[in-house]
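> Throughout, my numbering is defined as the position within the sequence shown, counted from one, plus 2.
None of these hints come from the bench; they were simulated from the model.
None of these values were measured; they are calculated from a predicted model.
Just so it is clear, CB atoms sit at the ideal spot from N, CA and C, and this is done for glycine as well.
Treat the hints with care, as some may be off.
[To be verified] Only pairs whose alpha carbons sit at most 20 Å apart, straight line, appear in this in silico SDA-like list of lysine to any residue:
| id | residue 1 | residue 2 |
| --- | --- | --- |
| 1 | Lys60 | Met180 |
| 2 | Lys127 | Gln318 |
| 3 | Lys171 | Asp47 |
| 4 | Lys173 | Leu124 |
| 5 | Lys171 | Thr369 |
| 6 | Lys368 | Arg213 |
| 7 | Lys171 | Gly21 |
| 8 | Lys127 | Arg320 |
| 9 | Lys60 | Leu124 |
| 10 | Lys371 | Asp199 |
| 11 | Lys171 | Lys371 |
| 12 | Lys60 | Phe366 |
| 13 | Lys60 | Lys173 |
| 14 | Lys371 | Glu192 |
| 15 | Lys371 | Leu223 |
| 16 | Lys60 | Trp103 |
| 17 | Lys173 | Phe207 |
| 18 | Lys371 | Gln318 |
| 19 | Lys127 | Phe74 |
| 20 | Lys171 | Met27 |
| 21 | Lys371 | Arg213 |
| 22 | Lys173 | Lys127 |
| 23 | Lys67 | Leu313 |
| 24 | Lys67 | Gln258 |
| 25 | Lys67 | Leu223 |
| 26 | Lys127 | Glu192 |
| 27 | Lys67 | His370 |
| 28 | Lys173 | Asp163 |
| 29 | Lys368 | Ile295 |
| 30 | Lys171 | Arg256 |
[As the list claims (entries may be wrong)] So the derived label-pair ranges between C-beta atoms look like this:
| id | residue 1 | residue 2 | range |
| --- | --- | --- | --- |
| 31 | Gly203 | Ala106 | 52 to 62 Å |
| 32 | Ile262 | Pro40 | 48 to 58 Å |
| 33 | Ile168 | Lys60 | 51 to 61 Å |
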Amino acid sequence: MTGAVLSASFLDGRMADWGNDDLMMSQYHRDFVESRFPGSVDVFDFPELRALFDGFDKTANANRKRRQRNGFSAIMVAGTGAALAAVLPIVDLLGGEFSRWLFAFAAILTLAGFGWAVLLILADKHKETWLEHRLLTERLRQFYFQQLLSDPALAARALTDPAALIAWKSKRAHALSMFEAWLNRPVGSELLAVIDDVNLGSAWFDESWLRYPPLLPGAALDDYFTILRIQRVGVQRNYVREKLTAGVASPETRLQAAQISSWVLTLATIGLTVLTAALLFDGTTTGSTLFAILASSIALAGVLSTVIRVLSEGLQLRPDCERYHWYRDAIREVEARLNNTDPGVRMVALQEFERTSYREMRDFLKTHKEARFNFA
């Protein structure tokens, strides 16, 4: 049990306990926003949507952790077997039956780990469930912000006008009831449709939301844009920043470590091979202790290099890094445009960010759906 927890923590990384503050999932965050903008939580908090999101999110996370443990365990079992096989030249010097039993045990572990990995590639139900429920959570997140953008004038008035607040809650309740019909469609086919949506044509649930009522400048509208900027763009910026912050949990740090380790092990393998060849030409026999140590070292370096490469690909480190860097730059562009005080410019920037968010989600789903073996 302890090993499973440790491996899951290692694989989860820095964002294992990400709180989805943009949806005000925690009472702490709702209290924090309310303290800064009194009356805003009634407008921006959406309890019914939070309940839906929480159910899908828990299912997605549970399946993600399960597939992480399965993938990591398969690699470790196969890697341990290969490592034991690598030290056989040294063990063989001891004589007796031990080396034969060790070889049999190493072969069993290697084949078991390899077979486990193949099974995960061919029939990983946890991967499909994870991706499908992650799609549902992200589409709920997008729906939440898109309905906020559908009528900013009403949402802004609702911050201070009780009658407008009643109208706002009624409008979003109706929108959610319509959206639940989308949630009830076959999610597997919807996942494929999103992945195939190269032109991002489904970024907006309702194209009519792009045609919002006229905006009248005022303090309430300024507060609305400020809160929306914090909730939508600011939280995403913090998320990407945490993902790219240096540290053992950062995908970028892990990728660099994997690349350096792979190069070091490759150079070590070449060096040991050259040394072995030189010793053989110098008269060292293949039955000597030194030859056995060198042969085992070469094999172990190869095994470690392979394990590191498989871990890097399984965690999808390179695609994640590329996506996070692109997303960070896109967020910076949106924030620069949100510094403009013109409500129309702000609205266009936030509308375009919905397409940006949708693209980031689509790229994530596409990467993990098409990867043959991954447990990110």
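> Run every hint past the structure and note whether it holds.
Cross-check of the supplied hints:
1. Lys60 / Met180: violated (23 Å)
2. Lys127 / Gln318: holds (19 Å)
3. Lys171 / Asp47: With Cα atoms ~10 Å apart, Lys171 and Asp47 stay inside 20 Å; holds.
4. Lys173 / Leu124: Violated, at roughly 45 Å.
5. Lys171 / Thr369: Distance of about 37 Å is beyond 20 Å: violated.
6. Lys368 / Arg213: violated (30 Å)
7. Lys171 / Gly21: violated (24 Å)
8. Lys127 / Arg320: Given that 20 Å is the threshold and the Cα spacing comes to 24 Å, the pair is violated.
9. Lys60 / Leu124: Measuring from Cα to Cα gives roughly 25 Å; hence the hint is violated.
10. Lys371 / Asp199: holds (14 Å)
11. Lys171 / Lys371: Cα-Cα ~37 Å, so violated.
12. Lys60 / Phe366: Status holds; Cα separation ~19 Å.
13. Lys60 / Lys173: Not OK: Lys60 and Lys173 at ~28 Å, beyond 20 Å, violated.
14. Lys371 / Glu192: OK: Lys371 and Glu192 at ~13 Å, within 20 Å.
15. Lys371 / Leu223: Roughly 41 Å between the alpha carbons, so the hint for Lys371 and Leu223 is violated.
16. Lys60 / Trp103: Violated. Lys60 to Trp103 sits at ~45 Å, over the 20 Å cutoff.
17. Lys173 / Phe207: holds (15 Å)
18. Lys371 / Gln318: holds (11 Å)
19. Lys127 / Phe74: holds (16 Å)
20. Lys171 / Met27: holds (18 Å)
21. Lys371 / Arg213: violated (34 Å)
22. Lys173 / Lys127: violated (38 Å)
23. Lys67 / Leu313: holds (16 Å)
24. Lys67 / Gln258: violated (24 Å)
25. Lys67 / Leu223: This hinted pair is violated, its Cα atoms lying about 42 Å apart.
26. Lys127 / Glu192: holds (17 Å)
27. Lys67 / His370: Given pair Lys67, His370 holds - Cα atoms ~15 Å apart, limit 20 Å.
28. Lys173 / Asp163: holds (15 Å)
29. Lys368 / Ile295: violated (45 Å)
30. Lys171 / Arg256: violated (45 Å)
31. Gly203 / Ala106: 52 to 62 Å: holds (57 Å)
32. Ile262 / Pro40: 48 to 58 Å: With Cβ atoms ~52 Å apart, the hint holds.
33. Ile168 / Lys60: 51 to 61 Å: violated (32 Å)
The earlier numbered hints that this structure contradicts are 1, 4, 5, 6, 7, 8, 9, 11, 13, 15, 16, 21, 22, 24, 25, 29, 30, 33.
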